[in-house]
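Make the full structure from the sequences, and use the hints.
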Amino acid sequence: MAEKTIKLNMSRHYRTNPDFILRKISGEAVLVPTGDTVFGNSMISVNETFTYLWELFSEPVTIPEVLSKAKEMYDDPSGEME
283 MAEKTIKLNM
293 SRHYRTNPDF
303 ILRKISGEAV
313 LVPTGDTVFG
323 NSMISVNETF
333 TYLWELFSEP
343 VTIPEVLSKA
353 KEMYDDPSGE
363 ME
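Under the working numbering, the first residue of the sequence shown carries the number 283, and numbering increases by one thereafter.
Hints were generated in silico from the structure; no laboratory data involved.
You may find that some hints are simply not true.
As the list claims (entries may be wrong) - Below, in silico cross-link-like pairs of lysine-lysine (BS3-like), each with a Cα-Cα straight-line distance of 27 Å or less: (1) 306 - 353; (2) 289 - 351; (3) 353 - 289; (4) 286 - 353; (5) 351 - 306.
Pasting the structure below:
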């Protein structure tokens, strides 16, 4: 199966989907679907990196802005974030 390539517009502003809410429960982060996105009794467990990125995208932001902030937080010696 061929790998699908996603092209992002580097000048476009992206933000989180308002149909999902990030909650921290007992020290764990979960993504909670709301409205039409609810499927069963579901919550999605997410890791620290996802949580950090979700919080960055809570306001409209460009990919270069997110990369810049992420590089302040995480080491990227091999330049793989891009």
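Hint-by-hint comparison with the structure:
1. 306 - 353: Holds, at roughly 24 Å.
2. 289 - 351: holds (21 Å)
3. 353 - 289: holds (21 Å)
4. 286 - 353: Roughly 26 Å separates the two Cα atoms, so the pair holds.
5. 351 - 306: Holds. Residue 351 to residue 306 sits at ~22 Å (cutoff 27 Å).
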